[in-house]
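J.: Residue numbers (numbering that gives the first Met the number 0), protein chains in the order written: chain A, 0 to 409; chain B, 0 to 259.
By construction, these hints were calculated from the structure, which means they are not laboratory data.
Treat each hint with caution, since some may be false.
[Unchecked claim] Listed below are the simulated DMTMM-like cross-link pairs for lysine to aspartate or glutamate, each with C-alpha atoms no more than 20 Å apart in a straight line:
1) Lys-181/A <-> Asp-192/A
2) Lys-74/A <-> Asp-18/B
3) Lys-181/A <-> Asp-202/A
4) Lys-181/A <-> Glu-132/A
5) Lys-74/A <-> Glu-119/A
6) Lys-266/A <-> Glu-365/A
7) Lys-74/A <-> Glu-258/B
8) Lys-181/A <-> Glu-129/A
9) Lys-266/A <-> Asp-367/A
10) Lys-74/A <-> Glu-91/A
11) Lys-266/A <-> Asp-336/A
12) Lys-97/B <-> Glu-91/A
13) Lys-97/B <-> Asp-202/A
14) Lys-266/A <-> Glu-169/A
15) Lys-74/A <-> Asp-253/B
[As the list claims (entries may be wrong)] Facing chain B, according to a computed beta carbon distance under 10 Å, are these residues of chain A, among others:
16) Gly-9
17) Pro-18
18) Thr-73
19) Leu-90
20) Val-94
21) Leu-112
22) Gly-114
23) Val-117
24) Arg-185
25) Arg-187
26) Arg-191
27) Ile-396
[Stated by the list, open to error] Sample of chain A residues with no beta-carbon within 12 Å of chain B, all distances over it, derived:
28) Asn-41
29) Gly-71
30) Gln-111
Predicted, not measured: the structure shown is a model, and the values here were computed from it.
Virtual Cβ for every residue (Gly too), placed ideally from N, Cα, C.
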Amino acid sequence: MVALVLSNVGKAYRRYAHPRDRLLELLPPRRPRHEPIWVLRNVDITVQSGESLAIVGQNGAGKSTLLKLITGVTKPTEGAVHRHGRIGAILELGVGFHPEFSGRQNILIAGQLMGLEVNEISRAMPAIAEFAEIGSYFDQPLRTYSSGMQLRLAFSVATAIRPDILILDEALAIGDAYFQHKCAARIRAFRRDGTTLLFVSHDPTAVRSLCDRAVLIERGAIVQEGPPDFVLEHYNANIARREAEYRIRAVEGAVDRRPAMRSGDRKATIEGVDIVDAAGASTRAVLSNASIRIRVTVAVHAALETLTVGFLIRDRVGNDAFGTNTYHLAAPAVPLDVGARYVCEFAVGAIALGQGHYSIAVALHESDQHLVRNHDWWDQALAFEVLHAGGPHRIGIVDLPVTSTGLRRL
Amino acid sequence: MIASLWRYRGFVRTSVARDFQLRYRGSALGIVWTLLQPIGTVVVLTIVFTRVMQPRLPGGDGFTYSIYLCAGVFAWGLFAEIVQRELNVFIENGNYLKKSSFPRSSLPLIVAITAIINFVLAFAIYFVFLFAIDRFPGWVALWTLPVILMIALLAVGLGILLGTANVFFRDLGPAVPIVLQFWFWLTPIVYPVAVVPDFIKPWFAMNPLASAVAALQDIFTGGQAPTWQTLVTLAAIALIACVAGLAAFRSQADNIVDEL
């Protein structure tokens, strides 16, 4: 049986250049004066009854909007949402709580806000108080509670009655480890009894232990779907990559300005060095074993017979990791014109380096090595980072494809 | 909408109770303050206008003016409280609307019920005062009910309309109280309509609140029942306001959440 179907769901918010445009829009001729800002588009999700789906994605990817659409707090701009069964949603803990009222009074209103009847709440009241473990504070005003107690009470009332579909927005990261464990246990018990779970979280452990399936949302669209491990790995790699690029760009300028790293007779000069990923975008953070290209732009200033372009990758302490050049690669030569610019690319099929920081040195020279007629030698022309792409843990600067048989008795 | 409101009647009831509890939380007299406020109004208006300023309505004694004044002030109080609070109801409860799924129409309903309870308590004090000075008009006072109902419906309709619009056009928030202030003084509450120059009177007739207030003043100062014409006109205007308010709310209910 299907618990939830989202078919081609999209949500756009309206952006008006000026508040008066909203007013003008109401007046004839009624032409739209707003710009639709799509936060979700073409989202198709089907959740079977009893299934447990994790929704992962960075802040601003559209996860919260998706949950609001599923719970019916907001309506989709296009497409349709069909739900079957009573929904219990914890989009935010403690909605409806007021600090001046006691725990008991707040449970009443929070429960009613969830659509429960007074007698249902009264019956569940002792269990709610017990689960939240607030003891003698139960009839004291909420303002005297610690924040942990408030969260416990909020979670307790929100999950007091088992819903058919439970929607959790990062609500599990509450309280101490003991209470988190207790919350997870309650959710597992719900699942055993047939509750469908939709779960938004950044916590990989919680996602792995509670969900059968995950979707990754990026910029308002589902970009990955599958088993939690698979999706989480993809997600984490993406995050790490973005963080690393940001960090590296911040320090890159400093690296470039070191004059001592540059030497040569300048008959030809290196104009620029770049790493581009498989999609052709410039990057400074690559996943281990990804396919990349190292792009070197060269300007020729004097008459030259031949020109060799070489690169050398070094690890963070300066050990050579890998180097080669167009001479050894037997790359085709072209006639060289004085004053012209050239580009040379090295395609690296799989950058089999271990995770860590690396730099690239680039050299322009003649024949096979840069000690002879060195035109331009640029040490640390750029820095980049290799990120763990998933798979087994390993250390070191190379990423060897390793498998193991495990112990076998001899 | 009615069905979902009925399912959430418990929530509405608790919210109304909470509103009153919250107002006098921690005060020793508690709910008594709800009564002391209108008592204060009656006493002040009576003392100021029968002893200090001593204006006279044609054909009345000292108390007549105070009776006249209180009827108008309390009726206006109901109208202004509803409009003013409905104006901000969605903005103030933005967090509820954005974070939980419940009938949104329960919010204006809670506001209206709270204001009506306030009014009933105030008017009960007014009745006590009338009995005390032996000026209770008798059964004709029952006409208060339809008139007050019309005032409340007019206020709710107008309030929901303005409250919905206020989410999108926040200028209404500060503008409406100013308009209400003018409206108060353009309604014969403090002064009798007789002092209004003749050439302005047709304009005054266009103020639905003026005829509602006048109907109440006539009930309590002269023991006169309102004419059917007055009641029908009022009912029609209240109905139009409610239809307009609900239509605006229903068409924009989904956008309200997105805008908050």
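J.: For each hint, tell me whether it holds in the structure or not.
T.: Consistency of the hints with the structure:
{"no.": "1", "hint": "Lys-181/A <-> Asp-192/A", "in the structure": "holds (17 Å)"}
{"no.": "2", "hint": "Lys-74/A <-> Asp-18/B", "in the structure": "violated (30 Å)"}
{"no.": "3", "hint": "Lys-181/A <-> Asp-202/A", "in the structure": "holds (16 Å)"}
{"no.": "4", "hint": "Lys-181/A <-> Glu-132/A", "in the structure": "holds (11 Å)"}
{"no.": "5", "hint": "Lys-74/A <-> Glu-119/A", "in the structure": "violated (29 Å)"}
{"no.": "6", "hint": "Lys-266/A <-> Glu-365/A", "in the structure": "holds (11 Å)"}
{"no.": "7", "hint": "Lys-74/A <-> Glu-258/B", "in the structure": "holds (13 Å)"}
{"no.": "8", "hint": "Lys-181/A <-> Glu-129/A", "in the structure": "holds (12 Å)"}
{"no.": "9", "hint": "Lys-266/A <-> Asp-367/A", "in the structure": "holds (17 Å)"}
{"no.": "10", "hint": "Lys-74/A <-> Glu-91/A", "in the structure": "holds (19 Å)"}
{"no.": "11", "hint": "Lys-266/A <-> Asp-336/A", "in the structure": "holds (12 Å)"}
{"no.": "12", "hint": "Lys-97/B <-> Glu-91/A", "in the structure": "holds (10 Å)"}
{"no.": "13", "hint": "Lys-97/B <-> Asp-202/A", "in the structure": "violated (24 Å)"}
{"no.": "14", "hint": "Lys-266/A <-> Glu-169/A", "in the structure": "violated (60 Å)"}
{"no.": "15", "hint": "Lys-74/A <-> Asp-253/B", "in the structure": "holds (6 Å)"}
{"no.": "16", "hint": "Gly-9", "in the structure": "violated (13 Å)"}
{"no.": "17", "hint": "Pro-18", "in the structure": "holds (7 Å)"}
{"no.": "18", "hint": "Thr-73", "in the structure": "holds (5 Å)"}
{"no.": "19", "hint": "Leu-90", "in the structure": "holds (5 Å)"}
{"no.": "20", "hint": "Val-94", "in the structure": "holds (4 Å)"}
{"no.": "21", "hint": "Leu-112", "in the structure": "holds (6 Å)"}
{"no.": "22", "hint": "Gly-114", "in the structure": "holds (7 Å)"}
{"no.": "23", "hint": "Val-117", "in the structure": "holds (5 Å)"}
{"no.": "24", "hint": "Arg-185", "in the structure": "violated (20 Å)"}
{"no.": "25", "hint": "Arg-187", "in the structure": "violated (25 Å)"}
{"no.": "26", "hint": "Arg-191", "in the structure": "violated (26 Å)"}
{"no.": "27", "hint": "Ile-396", "in the structure": "violated (49 Å)"}
{"no.": "28", "hint": "Asn-41", "in the structure": "holds (19 Å)"}
{"no.": "29", "hint": "Gly-71", "in the structure": "violated (5 Å)"}
{"no.": "30", "hint": "Gln-111", "in the structure": "violated (4 Å)"}
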